[in-house]
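Colleague: Going letter by letter, the sequence shown gives residues 1 to 289 in UniProt numbering.
One should not assume that every hint holds.
What the hints assert, rightly or not - In silico PhoX-like pairs for lysine-lysine, Cα to Cα no more than 20 Å straight-line:
id	residue 1	residue 2
1	Lys204	Lys72
2	Lys126	Lys88
3	Lys84	Lys126
4	Lys126	Lys94
5	Lys83	Lys94
6	Lys83	Lys140
7	Lys56	Lys204
Claimed, not checked - Label pairs and their in silico Cβ distance ranges:
id	residue 1	residue 2	range
8	Leu62	Ser171	19 to 27 Å
9	Asn162	Thr200	14 to 22 Å
10	Gln102	Asn193	54 to 62 Å
If you're looking for bench data, these hints aren't it; they were derived computationally from the structure.
The beta-carbon is built from N, C-alpha and C at its ideal position, and this holds for glycine as well.
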Amino acid sequence: KKPRTHLYYFSAKDSDDDEEVVQVDRDHFMDEFFEQVEEIRVCIDKLSEDVEQVKKQHSAILAAPNPDEKTKQELEDLTADIKKTANKVRSKLKAIEQSIEQEEGLNRSSADLRIRKTQHSTLSRKFVEVMTEYNTTQSKYRDRCKDRIQRQLEITGRTTTNEELEDMLESGKLAIFTDDIKMDSQIDKQALNEIETRHTEIIKLENSIRELHDMFVDMAMLVESQGEMIDRIEYNVEHSVDFVERAVSDTKKAVKYQSQARKKKLMIIVCCTILGVVLASTIGGYLGF
1 KKPRTHLYYF SAKDSDDDEE VVQVDRDHFM DEFFEQVEEI RVCIDKLSED VEQVKKQHSA
61 ILAAPNPDEK TKQELEDLTA DIKKTANKVR SKLKAIEQSI EQEEGLNRSS ADLRIRKTQH
121 STLSRKFVEV MTEYNTTQSK YRDRCKDRIQ RQLEITGRTT TNEELEDMLE SGKLAIFTDD
181 IKMDSQIDKQ ALNEIETRHT EIIKLENSIR ELHDMFVDMA MLVESQGEMI DRIEYNVEHS
241 VDFVERAVSD TKKAVKYQSQ ARKKKLMIIV CCTILGVVLA STIGGYLGF
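Generate the whole structure from the sequences, applying the supplied hints.
Modeller: Structure representation (structure tokens):
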């Protein structure tokens, strides 16, 4: 259960000079915020799961010279779903960021605000981690598709350098390499078919990466600017733990020393008592008591 958070202020009564505390309950506001946080977290988890599915689809498509339409459609659906979910997360994080900036502009500082800033920073970092993994996955898939194209061109007798192939992919002019391929054998036909298939996959891939480019840049800059604050929070938490551990250790030592001091004090009292009895007996004997 979340701790209750309240804001208090004083107002004068009309009848006298006494002041009464008027409680403004902020629970509802923070409940809504934590609902947003949970919704964003669920979306980020979904993104992570979708990225793993994309990896599986990539492997399935690369394993087949002619991937079936169902597999390719599933990959397109996943790509579209990731884009939709990512835009939703980005929009919600932006809204929270603007809300925080508004309160900071009014020079307000509260436990609620610090909680929101920490949650926003944590979610932003997690979001960027997932989307960076997605971008890396896409880039690896592009490289593997490009390697397949290069191998198939070699099968047809056409040797290309990496630079030439990159120029072809960037220009989209596949015909420069395929027009003079002779269809003398079934192998050549299959090779050309796979070249065209992989080229189509790369075009789709680059469009997807291009659509998400602005989001990558925007969120990366956001997390970079918040990195120092997160590091400070982590530093403070770590040092707070160290402080508590030292305090516990010091307390144990103090208890130990106090216990030893009590024992010494008790021994001194006992010794003094015995000494007093001895002295009393000696003096009594001397005086003839």
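Colleague: Broken hints, numbered, in rising order?
Modeller: none
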